[in-house]
Every structure is written in structure tokens, then in C-alpha cells.
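Colleague: Generate coordinates for the entire structure from the input sequences, incorporating the hints supplied.
Going down the list, the protein sequences come from chains A and B. Here full-length UniProt numbering is used: the first residue of the first sequence is 1, the next is one more, and so on. Here full-length UniProt numbering is used: the first residue of the second sequence is 1, the next is one more, and so on.
Please note: incorrect hints may appear among the correct ones.
Any copy, or any two copies together, can satisfy a pair, since identical chains are not distinguished.
With a straight-line cut-off of 30 angstroms between C-alpha atoms, the simulated DSBU-like cross-links for lysine-lysine are [claimed, not checked]:
no.: 1; residue 1: Lys108; residue 2: Lys330
no.: 2; residue 1: Lys83; residue 2: Lys330
no.: 3; residue 1: Lys330; residue 2: Lys174
no.: 4; residue 1: Lys330; residue 2: Lys340
no.: 5; residue 1: Lys386; residue 2: Lys330
no.: 6; residue 1: Lys83; residue 2: Lys108
no.: 7; residue 1: Lys386; residue 2: Lys83
no.: 8; residue 1: Lys340; residue 2: Lys174
I should point out that these hints are in silico values taken from the structure, not numbers from a laboratory.
Protein chains: 2
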Amino acid sequence: MKIAILGGDGFCGWPTTLHLSEAGHEVHIIDNLSRRWIDTELGVQSLTPMDSIQERCRIWREVTGRTIHFHLLDLATDYERLKGWLADHRPDAIVHLAEQRAAPYSMKTDRHKVYTVRNNTGATHNLLAALVETGIDAHLVHLGTMGVYGYSSIGAPIPEGYLDVEIDTPTGKKTQEILYPTRPGSVYHMTKSLDQIMFQFYAQNDGLRITDLHQGIVWGTHTAQTQRHDQLVNRFDYDGDYGTVLNRFLIQAAIGHPLTVHGTGGQTRAFIHIRDSVRCIELALSDAPRAGDRVRIFNQMTETHRVGDLARLVAGLTGAKVANLPNPRKEAAENDLIVKNDQFLALGLEPTTLADGLLEEVVDVARRFAHRIDRSRVPAVSAWTKELGAQVERDPEGRALRSVS
Amino acid sequence: MKIAILGGDGFCGWPTTLHLSEAGHEVHIIDNLSRRWIDTELGVQSLTPMDSIQERCRIWREVTGRTIHFHLLDLATDYERLKGWLADHRPDAIVHLAEQRAAPYSMKTDRHKVYTVRNNTGATHNLLAALVETGIDAHLVHLGTMGVYGYSSIGAPIPEGYLDVEIDTPTGKKTQEILYPTRPGSVYHMTKSLDQIMFQFYAQNDGLRITDLHQGIVWGTHTAQTQRHDQLVNRFDYDGDYGTVLNRFLIQAAIGHPLTVHGTGGQTRAFIHIRDSVRCIELALSDAPRAGDRVRIFNQMTETHRVGDLARLVAGLTGAKVANLPNPRKEAAENDLIVKNDQFLALGLEPTTLADGLLEEVVDVARRFAHRIDRSRVPAVSAWTKELGAQVERDPEGRALRSVS
Ligand SMILES: NC(=O)c1ccc[n+]([C@@H]2O[C@H](COP(=O)([O-])OP(=O)(O)OC[C@H]3O[C@@H](n4cnc5c(N)ncnc54)[C@H](O)[C@@H]3O)[C@@H](O)[C@H]2O)c1
Ligand SMILES: NC(=O)c1ccc[n+]([C@@H]2O[C@H](COP(=O)([O-])OP(=O)(O)OC[C@H]3O[C@@H](n4cnc5c(N)ncnc54)[C@H](O)[C@@H]3O)[C@@H](O)[C@H]2O)c1
Numbered sequence: 001m002k003i004a005i006l007g008g009d010g011f012c013g014w015p016t017t018l019h020l021s022e023a024g025h026e027v028h029i030i031d032n033l034s035r036r037w038i039d040t041e042l043g044v045q046s047l048t049p050m051d052s053i054q055e056r057c058r059i060w061r062e063v064t065g066r067t068i069h070f071h072l073l074d075l076a077t078d079y080e081r082l083k084g085w086l087a088d089h090r091p092d093a094i095v096h097l098a099e100q101r102a103a104p105y106s107m108k109t110d111r112h113k114v115y116t117v118r119n120n121t122g123a124t125h126n127l128l129a130a131l132v133e134t135g136i137d138a139h140l141v142h143l144g145t146m147g148v149y150g151y152s153s154i155g156a157p158i159p160e161g162y163l164d165v166e167i168d169t170p171t172g173k174k175t176q177e178i179l180y181p182t183r184p185g186s187v188y189h190m191t192k193s194l195d196q197i198m199f200q201f202y203a204q205n206d207g208l209r210i211t212d213l214h215q216g217i218v219w220g221t222h223t224a225q226t227q228r229h230d231q232l233v234n235r236f237d238y239d240g241d242y243g244t245v246l247n248r249f250l251i252q253a254a255i256g257h258p259l260t261v262h263g264t265g266g267q268t269r270a271f272i273h274i275r276d277s278v279r280c281i282e283l284a285l286s287d288a289p290r291a292g293d294r295v296r297i298f299n300q301m302t303e304t305h306r307v308g309d310l311a312r313l314v315a316g317l318t319g320a321k322v323a324n325l326p327n328p329r330k331e332a333a334e335n336d337l338i339v340k341n342d343q344f345l346a347l348g349l350e351p352t353t354l355a356d357g358l359l360e361e362v363v364d365v366a367r368r369f370a371h372r373i374d375r376s377r378v379p380a381v382s383a384w385t386k387e388l389g390a391q392v393e394r395d396p397e398g399r400a401l402r403s404v405s
Numbered sequence: 001m002k003i004a005i006l007g008g009d010g011f012c013g014w015p016t017t018l019h020l021s022e023a024g025h026e027v028h029i030i031d032n033l034s035r036r037w038i039d040t041e042l043g044v045q046s047l048t049p050m051d052s053i054q055e056r057c058r059i060w061r062e063v064t065g066r067t068i069h070f071h072l073l074d075l076a077t078d079y080e081r082l083k084g085w086l087a088d089h090r091p092d093a094i095v096h097l098a099e100q101r102a103a104p105y106s107m108k109t110d111r112h113k114v115y116t117v118r119n120n121t122g123a124t125h126n127l128l129a130a131l132v133e134t135g136i137d138a139h140l141v142h143l144g145t146m147g148v149y150g151y152s153s154i155g156a157p158i159p160e161g162y163l164d165v166e167i168d169t170p171t172g173k174k175t176q177e178i179l180y181p182t183r184p185g186s187v188y189h190m191t192k193s194l195d196q197i198m199f200q201f202y203a204q205n206d207g208l209r210i211t212d213l214h215q216g217i218v219w220g221t222h223t224a225q226t227q228r229h230d231q232l233v234n235r236f237d238y239d240g241d242y243g244t245v246l247n248r249f250l251i252q253a254a255i256g257h258p259l260t261v262h263g264t265g266g267q268t269r270a271f272i273h274i275r276d277s278v279r280c281i282e283l284a285l286s287d288a289p290r291a292g293d294r295v296r297i298f299n300q301m302t303e304t305h306r307v308g309d310l311a312r313l314v315a316g317l318t319g320a321k322v323a324n325l326p327n328p329r330k331e332a333a334e335n336d337l338i339v340k341n342d343q344f345l346a347l348g349l350e351p352t353t354l355a356d357g358l359l360e361e362v363v364d365v366a367r368r369f370a371h372r373i374d375r376s377r378v379p380a381v382s383a384w385t386k387e388l389g390a391q392v393e394r395d396p397e398g399r400a401l402r403s404v405s
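Modeller: Right, dumping it as C-alpha cells:
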């Protein structure tokens, strides 16, 4: 297949690109490299030293003889070039990972809120409009998030995308299928909720074939392909904005920093290893919906854990301490989370779980590159609301001070 | 109160502005005049001769001694100026009507789809982010549409915004309140569905106080205030994009054109007269939610009719013929529509209905300005999908040909 990977320079996109290239597909990365610019803006960098995308593609060809094509294009602002690109290349499938994906970044300031909405909504809608306009019948696989449902739910198991509801009508109760209702807790999560509405419309109105993967928090860093050469290494974010919780704990442990848990640590989250994430995308590509089908929605996760339990797990493994910080998010202090992932299991996914020794692999990465860690960047600082912002103690540069308790 | 009326130069916005000015409020219009530019783009004009906004404001002062302030500002693209304006003026309430509001226009070409999403999503989100950033606790009243729910429903009465659903949990069934699920049928309607998600988020996360008015199709043209001077007349759209169905029938009748009904005419729609629309906005302003309240949602309509019945009503009144055109929209041919509007009735709304003789008033407007009608612009032409587009017979300039049956 000819596959376009939008956001192919990112944390999930790069290993996905390599995996699909190795599987024999013709792979095209489209990326505006905005994520690298955000590193510059925040004054942070990937823990792992990351080459330019052009250099990474060159090395992949050297190592494997396979070509990855790279196209610099901003999906959100350059509709006409996107349309032209699609018309010229006519991909069979499109993996859409090209969004601003950090909840804390999306809540930093009003500028970041506005950027996140423009970028994510713009990228997704431009893509949908251009597919209709060019008449390209590519299967679109989008990465959404489990977090779109919010975490203050009533403990119901989260089904895969849809809910049957009973509605009173003049002729009695009738059952109707609806999108599982969302309760986004950040501007970032809100944009995924907006995406979902756009997918539903374009699938229904224009017969676009769409799979939306509601992914859990990704952890780990290596895949079989990224390990084939030092310079193919995946990016590894550990800062307070982009570093996801488990990776951040492992870094904190590696540098002897206490593991910073927000609030009570009673929040339950869904997780998936990067290897499984890549594999799920491949499985989703292998099983495309037909025109006229509703949007196919999968929960892409393998396990759930309480944040506090994860901290204790990593502390046990590494001897680190646990520190409780005020929670910058407006959310329930404790929640249960039961998630169905029957569809991926049925397609043959064999989950990589936390117990499988891969934690050690990340600890190794963290130790190897410990000298590159900027310690001041480790805890999360964005406050979700003005009042919560005022509660967090800050240093003179506005960074939240550690409050070990 | 100091009230900002976003989109105050439009069809609903202008009479709302005059009504609130006459009621003694300090009224500020914010508008980028994009609707006038769209008239230019489409080569159409309001049936009623419409002065510049500056001139209309001048005349209002001459007639009433009251000042309406006008500010030229694009809400969707000029976030910083919007924020500055809010910080400088600190309004007590904001009426947000500033969106591209024609479903056919939103479906014309990919450019129009992209514009509609950028404009509407941009305007609404910029406003929300700027309110949070400036800390202004204004009551935000937004105009949404009944059409957001789609028209292929199962005949259930549409409640005011929310639905209680039963969800299975490990400890038994629990009831949860959700936003009434939407099924937008055009890109325009889709943007209102996106707005709704953004309102829910900002009300919940930041305590913004928001009322969302899900309005039916507005008909009529005059209000007590617009009638005070010829040059205060409201705009009157009759073209295939912006002319709403009842106003279009009345124009067709006035020029001896057959009344064009799409499909079987079995589609039921909700209606409201412009006088009631203006009055509802005032009622909504008088009853603001408190910080922390969920978004207050009202159905702003007074009656429902089948489109075919309306055509017959107008035909009876005027002697016009009825013509059936292929339906450019992808929707059910027939539907029922039962809408609850208890909240406005409780606040004291006295509905103006179709039988009240106001139809004649519109027929008079139509006759008076019949010489200004461009007949080629009367039927609706945007096709909702590529296949439907191909079915419609077109003249050499791409306009749909009349197919009287
Ligand atoms: N990493 C996770 O834990 C996780 C969890 C759930 C869902 N997801 C989703 O998976 C997708 C990929 O996440 P990631 O962790 O790889 O993020 P990332 O930030 O590392 O990668 C995103 C890539 O998209 C690019 N991009 C952003 N906006 C663009 C635009 N307008 N035009 C072109 N390129 C653009 C960026 O430059 C970057 O290379 C995202 O949609 C994210 O929401 C990630
Ligand atoms: N007219 C109806 O039948 C009807 C029915 C249901 C809901 N509504 C809603 O009511 C609202 C007003 O409708 P209307 O009929 O008065 O429409 P309109 O097009 O006549 O007026 C909209 C006004 O907003 C302005 N505007 C648009 N984008 C803007 C931007 N980015 N910045 C600043 N100004 C901008 C336009 O210039 C115009 O003056 C809309 O939100 C519409 O969706 C209307």
C-alpha cells in the first residue's frame, strides 16, 4: 500500500513509519516539524538525541535499503498544498497523527489554547475536505485519545465508541445508537472531541472510510526498528508538558528526583506500550471499513493503572521516593476506569504489559542519557484554571516549585 | 447593561441591536462585515436596500437619540484585538451571532467548507479563550440551531439540550445527563455541534456563564424598531444560499415564480418570527446562569411545519404554483419534529405564529422591492455530496436549472 503518515516525525509517528516501511509499504511522511519548534519554544529537548528527519530517513535507507519520503507541509494552514499533494500521490491509506498532543501545553496560556484548537481542528478538517474534493477513497486512521471521555465518569466500562440509548417517543421507547458522550478535561482533549464530530459527519455525508483509535497513554521508547541504528532512536519527552506520566517517573527515578504524583495519585489511566501502539495502527490498517459504514472506533490500550500505583511500582524498581504535588488539573481526585479493547484483541493483538521487563529498558535509556536531563523541566507546571494556577507555588521564572510531601 | 453584539450587522443581529438599544442598554456591535462581502462574492444583495452599518447607526441616533457603537473586528482571525477590546470595554453580556450561517453556502465547494469551519470555530473559541484570559464574567448568549440534531431522528421530542441516559456499571444501571446527541447534516450545522462541545468545556473548566439558543428558521423581516425609519430596514435574503425557506416562498410568490420545494416537501422544520427571535434573546439575557452552572440550552422556536404545507399555505395566500426540485441535501425525505420550548414560554414569550397576518407583511415587502429581485438567484443550488451534485441539471454557469414537476 501507499501510506501517508501525517505527523510521521513525532513520538508515535516515527516508529509507525519505520514499522510500515519494513512491512513493505510505500511510506510518505507529511509533517510541518512543529513539534521540534515547540521544543525550541519550551527550551527542552528529547532525552534521546534526535537527528533531523532528513538524516533519519537517510539512515533508514542505508540500514534497510528502503525509502521513506518526507514532505514538509502544514496541514492546518496550507489547505491548497495538502489537496495538491493528495491529488498527486493518491495514497491508499492515511495515518493521521499530526496534532498538538499535550494537554498541559494546550492549557499553558490563551495563545496555546488558540493554537491547539486552530492546529488540530484545522489539520483534521482540511484533510477531510481535501479527501472529498479529490475523491480519494483512502482509509483514514486517526489517533484519538481515551482521555476524551473525561475521568470523572460513573465507573461504567468505556465501550468502543458507541452507546445505545433509550429515547422516549410518542410511540414508546426506542433505542438509538450515539457516539459515546465525551467530557474533555483540557483544550487538547476537547479538540479530539471536535475531531470525532467531524469524522461522523464526513463518514455519513461523503462515505469517507475512517477508523478512530482512542489511545491510552503511550510509554516506552524503542521498537524493533528504532533499535536498528543509534540514529534511528525514537524521541523521548520527559518535560512537564510532553512527558507522559510513566516515562516521567522513570526519568525522575534515573536522576534521583522524587516521583511527582499530582493530587492523591488516585486517578486511573489507560496505558499502551509504543510497540503495541505501532502494531495496533497496522492492525487497524488491515481491516478497513467500507464506504457508508459508521466511523470505526477502537480503544487502543492494553491495561489501566492508578497513577499512585505506578509511582510505587517504579519506586520499588529503582528505590526512588514519591512526592505529592497539588493537581493542576480540574478533575476528580479518584476515579475508576474500565476500558473495553475487544476489537484489537480479536484482531490478534498480544499486549505488552508493564510486568514484561520493558520498564527496565526505559530505565536504561534514562540512565544512558541522564547527562542530557534539564532537571528544572521535570515537574508539570501548567495550571488548568486561573484559581488553580494561583495555588501552585512558583519560582521567579514562573515554574512551579516542588512541594514534596 | 453594557452589551456586545457580535455579528450585529446581520439579519438577526441588527434588529437585536435596535431592540436592546431601545430598551436602554449600552450596545456595541462587533462585526467584520463578512456577510456583506459574501453578498459581493455571490453577486446577490438583500431584497431590502441596506445602508452601511455606519449610516444605519447614524440614523438610529437621529431617530432615537441613542448611540450604537460599531467596531470592525474579525473574531476568528484577530484574537489579540478581540482580547484587547474585551479588556477595554468589559461588557456585562455578549450576544454571539457572528458565524457563517448558511448551510448551502457551507457546502458549495471545499473552499466554503474550510472557510465555514475556520470562521465559526475560530470566532467561538477565540471568544471563550479571551473571556477566560481577561477574567470578564459576562453572560454569553450564543445563537445555535435546531438543525444540529439532524432531521432523520426517530420522532422523539427534542428536549432542551440535555438527555438522561442509563449506563450499565459494575454496580448496576446509573443515570447520567449528557448533551442531547447531535447529527449535523451540513458543515454549517457541524460547526454548531463543535461550538456546543467548546461551551460545555469552558463552562465546566472555567465557570463561564453561557446560554446557547438552539434557534429554528427565522422568518419575517420587520420589528417595531426597524420600522421606525426606511433606512433602518432589516436585510432580507432570498437567494438559494441565505434565503431561508419561508422567506424564499414569499419572494417566489411575489414575482410569480413557482414555489420550489426540495424533494417531497415532507421535511418538518421549526420556525420563529424575527420579532420573537429578538425578544427571546432579551429574555435569555434577563435570566443568566451562575458560574459553575452547566450551559443553559433553550430551543428558540415557536412552531413546526412541513415544508410542503408551508408552500401550500403561501400558494393559497398568493395564488402561486408549487414546483418540486431534487433535494440537494442528504437527508430523510420525510420526518417528524416535535420540539420542546417550555423554558421560553415560562419566561413569558408570547409566540407570533404564521396565522397572525405577518405573512402579508412579508408579501408586501416582497412586492415593494420586486424590481430588485434577480430571478436567477431564487432556487437553491449547492449539492451536499458529489453524487447529488451530478444529479442536478445545471445551466452553463453552474446554476441549477428549475425542474418544475
Ligand atoms: N503519545 C501519547 O501518549 C498519545 C496518547 C494518546 C493519543 N496520542 C495521539 O497520537 C498522535 C501522535 O502523538 P505523538 O505522541 O506522536 O505526538 P508528537 O507531538 O510527538 O507528534 C505529532 C507530530 O505531528 C506534527 N504536526 C503537528 N501539527 C501538524 C500540522 N498542522 N501539520 C503537519 N504536522 C503537524 C508534529 O510536528 C509532530 O511531529 C497525536 O494525535 C496524539 O494526540 C498520543
Ligand atoms: N437566520 C436564521 O434563520 C437562523 C436560524 C438559526 C440560527 N441562526 C443563527 O443566528 C446567528 C445570526 O444569524 P443571521 O441570520 O443574523 O446571520 P447573518 O449572516 O445575517 O449575520 C451574521 C453576522 O456575523 C458577522 N460575522 C460572521 N463571521 C464573523 C467574524 N469572524 N467576525 C466578526 N463578525 C462576523 C457577519 O458579517 C454578519 O453580519 C448565526 O449564528 C446563525 O447560525 C440563524
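Colleague: Now tell me if each hint is right for this structure.
Modeller: The hints, checked one at a time:
no.: 1; hint: Lys108 <-> Lys330; in the structure: within (14 angstroms within a copy, 41 angstroms between copies)
no.: 2; hint: Lys83 <-> Lys330; in the structure: between (39 angstroms within a copy, 24 angstroms between copies)
no.: 3; hint: Lys330 <-> Lys174; in the structure: between (36 angstroms within a copy, 23 angstroms between copies)
no.: 4; hint: Lys330 <-> Lys340; in the structure: within (25 angstroms within a copy, 33 angstroms between copies)
no.: 5; hint: Lys386 <-> Lys330; in the structure: within (11 angstroms within a copy, 44 angstroms between copies)
no.: 6; hint: Lys83 <-> Lys108; in the structure: between (32 angstroms within a copy, 17 angstroms between copies)
no.: 7; hint: Lys386 <-> Lys83; in the structure: between (40 angstroms within a copy, 16 angstroms between copies)
no.: 8; hint: Lys340 <-> Lys174; in the structure: both (25 angstroms within a copy, 18 angstroms between copies)
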